Amino acid sequence: MVDRLAGWFATRGWTPFDFQLEVWRAYLAGENGMIHSATGTGKTLAAWMGPLGEWLLENPGTDGKKGHRNDAPGLRVLWITPLRALAADTELSLRLPLEELGVPWTVETRTGDTSQSLRKKQSERLPTTLITTPESFTLMLTRDDAEELFGELRCIVVDEWHELLSTKRGVQTELALARVRRLRPGVKTWGVSATLGNLEDASQTLQGVGAQARIVEGHIAKEIVIDSILPTNITRFPWSGHFGTSMIPPVIRSIEDGGTCLIFTNTRSQAEIWHQSILDNRPDWVDQIGLHHGSLDREVRDRVEADLKEGRLRAVVTTSSLDLGVDFSPVDRVLQLGTPKGVARLLQRAGRSGHRPGAASRVTCVPMHAFELVDIAAARTAAMNGRIENREHLSKPLDVLAQHVVSIAAGSGFRYEAMRDEVRTTVAYRDLTDEEWDWVLDFVVRGGDALRAYPEYRRVVVEDGVYRVTDKDIAKRHRMSIGTIMSDMAMTVQYVTGGRLGTVEESFLARLKPGDRFLFAGKALQFVRISDSTAWVKRAPNLKGAIPRWAGGRLPLSTELAHAIRQELECAKYGELRSSEMELMAPILAVQANWSAIPAEDEFLIEQLETNEGHHLFFYPFEGRLVHEGLAALFAYRISRIQPITFSMACNDYGFELLAPEEAPLAQAIQQGLISPENLIHDIPASLNAAEMAKRQFREIARIAGLVFQGYPGMHKTLKQVQATSGLFYDVFARYDPKNMLLQQADREVLEKQLEKSRLASALARLEGSTILITNPESPTPMAFPILVDRLRDTVTSENITQRIQKLSLKLEKEAG
DNA sequence: TATTCCCCGCCAGGGT
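My numbering applies: residue 1 is where the first sequence begins, and numbers increase by one.
Incorrect hints may have been included.
[Claimed, not checked] DSS-like mimics (lysine-lysine), calculated; alpha carbons at most 27 angstroms apart, straight line:
| # | residue 1 | residue 2 |
| --- | --- | --- |
| 1 | Lys739 | Lys753 |
| 2 | Lys753 | Lys814 |
| 3 | Lys739 | Lys573 |
| 4 | Lys523 | Lys538 |
| 5 | Lys120 | Lys476 |
[What the hints assert, rightly or not] Quick list of the computed label-pair ranges, beta carbon to beta carbon:
| # | residue 1 | residue 2 | range |
| --- | --- | --- | --- |
| 6 | Ala29 | Asp307 | 42 to 50 angstroms |
| 7 | Tyr454 | Thr611 | 21 to 29 angstroms |
| 8 | Glu310 | Asp431 | 44 to 52 angstroms |
| 9 | Arg143 | Ser115 | 43 to 51 angstroms |
| 10 | Ile530 | Arg312 | 29 to 37 angstroms |
| 11 | Arg303 | Arg143 | 44 to 52 angstroms |
| 12 | Thr492 | Ala590 | 38 to 46 angstroms |
| 13 | Arg143 | Lys739 | 29 to 37 angstroms |
Hints in this document: simulated from the structure, not taken from any laboratory.
Only a predicted model underlies this, so the values are computations on that prediction, with no experimental measurement involved.
We treat Cβ as the ideally placed atom computed from N, Cα and C, and that holds for glycine.
With the hints as constraints, model all of the structure from the sequences given.
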């Protein structure tokens, strides 16, 4: 059979890769597995040919004859994809071999935007292959005929598993998979994943506790090139900032070189700014440069994606919204503006180019300020040494479990023990205690201790030992709330004439007066008014105006990249400049070394200095900004226990600053355990407003667990309302039901997600074992400078900033030059 | 002079 499939490749002039043959053999031998490789290596075909080969094996002599659609069996393959936008492309690529091999299978998509007519058809008869999202997959389980639906299923493929793993969407998928395995014990699961550090764990999480699976490495000779555009004059290159104006000309030259170019940025406003800057310089490219980010309306993005695919665009400026997708488009060149933040992320982006087996993938990094040259050099070293980030699975999020049990109760129903054992086959809930299981059931049956008086929280009833949702209205509301994604606090931006452009933060729009101009979706817009929670706009006559700021997530430097940066600096300290980027950095590093020091890997640098602002302490753990926020608060708290003192704090991915009017007792603090990982559990909540953070985190939990209903489509509650309602629940639970496990979960999530507690603890352990290096520079060093500027921007008037920054830069420039 | 902060999903029932 493998030979016949290889023959199909041969007719297309392709030679199957060894890893593809390995997948088919393993599949036909009845194995589960996961395929792991860079993008553009033929993973999709590898996964698809397994079930296809099985069908051919059962139906010999099919080759060459055109099959009949009517002969198609029921649902055999379920294909899970994390993105709606990927579904259509996948559908096409799965169909091709079907037609050529004469297999009468059908392939259809079912996601949130599947048409009513197709939906109706599918409710009568499912296709042989259904492509769907985790959310729509779970929705299928809420049907009362769920058992029949999956009765003939042979195989589940989970595409881009690395995207789902380590998120609540991944946990939701784990639970749904456990359910289907119970309904259909022989079903095979194959995962498809891009580069990932912790393969074994990723595979186990997909397959469930105790299941055996084969990991197939899709190692084909895939050359990856990471290079950079270097600034011509390093002494005039900015020491901080993220706009990188001076790099516009060389970037434009790269675009001119020809081919289609993807330009990745780290933020949405950066994408808007660069899109505009490129057009300012090349107005003749007005129809050839696209813009793509998560706040743009789906329709606007679809158009850009289609143009890209058809080769109508010269370049697209984008955020990670194009990290996945557009697999068949002719992307020739990938640029990364600013620090890549992580190794896997950079490799993923490199993989957008040369998206053909055998072709080289290349990404060109463009630094926005001087120290980003170090990031680039470090990312390359880490990538070449195969130091890829892990994605850890989540453990026991009870909100997701509560949602899942209601889903199953709304479908075929379940029994206490069988369901508990089924849930425990997932890696996420393998340690679920009886107490926790009882609590979750009590929560959905009675509403827990605090809500027992309210019938709408008695969602599930027990009849003869079977847990079911009997109330039609409750079932309907539940189906409308399935999923784990919280949407942003944003307002629709729409032309008064009709066309929707996308969404922008309420806080930005609230500051605008009618007539104010701003740049959004690559267009100059004039604000008209706000009504019906929509910001109405019209085209503005010219392009000058503000650019929206989004309160998006703050992606910290990954652990692997942070580690690589420390190594890169250590090499530089001993005069070993291993790349052109580091060579270029030499004058700036020399200033750092002369004024203060460059820390070696086992050194913890602290800079102490006085300016007319006060007494500064700069700490450089190189652990990413989330950890630094936690460390800054922790250190401030610990120092203030020795001597009452109030600090202002600032941080970036390299380090943080504590500033006070008087000198802090640093030496004493270090002696008394400033850096100790001990008492972290006590000191973290004491140093931060942890209760307020937990209350905010509880918003998501309340939504997922089904406490807060978002409202019917088209009349969504605003986020403020959801916040208020969930805040109310939080207060009620805290007062009347303090043992509520969802409250504890909120505390845990704050510690882990917002403060990265385990990373913070291991950082402290590392720093405690380091040699502490205290220096007393006369003025802020190159490493201190970006942190300082960041704080100044928030606190001082713009005139003062300008003068100060000018003075500082001049001084630094003189020294470096 | 510098501006900054990813992404992803989801309904049902009654009318024509």
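Okay, the hints, checked on the actual structure:
1. Lys739 / Lys753: holds (22 angstroms)
2. Lys753 / Lys814: Violated, at about 43 angstroms.
3. Lys739 / Lys573: Between Lys739 and Lys573 the Cα gap is close to 53 angstroms, so the pair fails against 27 angstroms, i.e. violated.
4. Lys523 / Lys538: Judged against 27 angstroms, a Cα distance of about 10 angstroms means the pair holds.
5. Lys120 / Lys476: Holds - the C-alpha atoms of Lys476 and Lys120 are around 17 angstroms apart, at most 27 angstroms.
6. Ala29 / Asp307: 42 to 50 angstroms: Given a distance of about 44 angstroms, which is inside 42 to 50 angstroms, the answer is holds.
7. Tyr454 / Thr611: 21 to 29 angstroms: violated (58 angstroms)
8. Glu310 / Asp431: 44 to 52 angstroms: holds (51 angstroms)
9. Arg143 / Ser115: 43 to 51 angstroms: violated (19 angstroms)
10. Ile530 / Arg312: 29 to 37 angstroms: holds (35 angstroms)
11. Arg303 / Arg143: 44 to 52 angstroms: violated (35 angstroms)
12. Thr492 / Ala590: 38 to 46 angstroms: Since Thr492 and Ala590 have Cβ atoms about 52 angstroms apart, the given range 38 to 46 angstroms is violated.
13. Arg143 / Lys739: 29 to 37 angstroms: holds (35 angstroms)
Of the numbered hints stated above, those contradicted by the structure are hints 2, 3, 7, 9, 11, 12, listed in ascending order.
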